[in-house]
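Engineer: Take the sequence shown: its position 56, counted from the start at 1, is 1551 in my numbering, and no numbers get skipped.
Treat the hints as calculated values from the structure; they're not laboratory data.
As the structure is a prediction and not an experimental result, all values here were calculated from the model.
It cannot be assumed that every hint is accurate.
Derived pair list, reagent style BS3-like, types lysine-lysine, alpha-carbon separation capped at 30 Å [as the list claims (entries may be wrong)]:
id	residue 1	residue 2
1	Lys-1601	Lys-1642
2	Lys-1558	Lys-1569
3	Lys-1601	Lys-1570
4	Lys-1584	Lys-1616
5	Lys-1584	Lys-1601
6	Lys-1569	Lys-1616
Each pair of labels, with its calculated beta carbon distance range [as the list claims (entries may be wrong)]:
id	residue 1	residue 2	range
7	Asn-1606	Ile-1559	33 to 41 Å
8	Thr-1609	Ser-1587	15 to 23 Å
9	Ile-1559	Val-1653	32 to 40 Å
10	Arg-1588	Ile-1648	36 to 44 Å
11	Met-1657	Thr-1562	14 to 22 Å
12	Trp-1602	Thr-1562	24 to 32 Å
Glycine included, each C-beta is placed from N, C-alpha and C at the ideal position.
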Amino acid sequence: MKQGGPLRYAATFRSEAVHQGRKITARTAISRKNICYTLAKKYQLVLAKKFVDRKPMNADEMKILITRRSQNLKKLGKPFQPVLVVIGKSWSRIEEVLCCVTAEVKWISENIITGIDIIFKSFFTLDLEYPFESEVHWCIIANLIYKIENTTIHPEAVGVLMNLSTIDKQEVIDFLNEKNNDNDETQVSDD
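Required output: the full structure, derived from the provided sequences and hints.
Structural biologist: Right, here's the structure in full:
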């Protein structure tokens, strides 16, 4: 499976966010050569702060979080919005990734990327609006990963999408063909 796009480093978002902000700003000020890559990397840090919860939690904290969220949304007159919950002692020791589609319906996901996929698809299946705090991120995911262009793009997402679209596409290396070519060369040299 080819991993690419803005979510390929999702597992390391939090560790990068702790100490990378100043480095990126310094690199941008010094060299304008890789400005688009720098902006994309800087955007990943913003995504980490708003999109992923601050710390993994245990099951009790998760229940409290879900009930508070559903109560707040009821006060505002909105339906429950799907949320991704990571349970574990630290980001390196994640025990479970839960996709809370409604207050009662929770699915266990294999990993964070699959969880984001389930949550995104549940927004479309249930015809729900994105949460206000992460609307920009979901619009970017819809546009870049799922290639859905008929969605309304948040004004803040337009600039990020333009910056990400200017980054050169990475070449996909076919390691199988390289190994086969290496074996062919060794067979020829043995004869």
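Engineer: Decide, hint by hint, whether the structure agrees.
Structural biologist: Hint-by-hint comparison with the structure:
1. A distance of roughly 27 Å separates the Cα atoms of Lys-1601 and Lys-1642; the hinted pair therefore holds under the 30 Å criterion.
2. Between the alpha carbons of Lys-1558 and Lys-1569 the distance comes to roughly 17 Å, so the proposed pair stays at or under 30 Å and holds.
3. For a cut-off of 30 Å, the pair hint linking Lys-1601 to Lys-1570 stands: about 22 Å separates their Cα positions.
4. Restraint check for Lys-1584 and Lys-1616: the C-alpha separation of about 28 Å stays at or below 30 Å, so the hint holds.
5. Note on Lys-1584 and Lys-1601: the hinted pairing holds, with a Cα-Cα distance of about 20 Å set against a maximum of 30 Å.
6. Among the hinted pairs, Lys-1569 with Lys-1616 is consistent with the structure: their alpha-carbon atoms are about 22 Å apart, no more than 30 Å.
7. As the Cβ distance of Asn-1606 to Ile-1559 is approximately 24 Å, the hint placing it in 33 to 41 Å is violated.
8. Hint check: Thr-1609 to Ser-1587, Cβ distance near 19 Å, so the stated range 15 to 23 Å holds.
9. A hinted range of 32 to 40 Å holds for the C-beta pair Ile-1559 and Val-1653, which are about 36 Å apart.
10. Range check, Arg-1588 to Ile-1648: Cβ separation about 37 Å, and the 36 to 44 Å hint holds.
11. For the pair Met-1657 and Thr-1562, the supplied restraint of 14 to 22 Å is violated, since their beta-carbon distance comes to about 40 Å.
12. Evaluation of the 24 to 32 Å hint for Trp-1602 and Thr-1562 yields a failure: the beta carbon distance comes to about 18 Å.
The earlier numbered hints that this structure contradicts are 7, 11 and 12.
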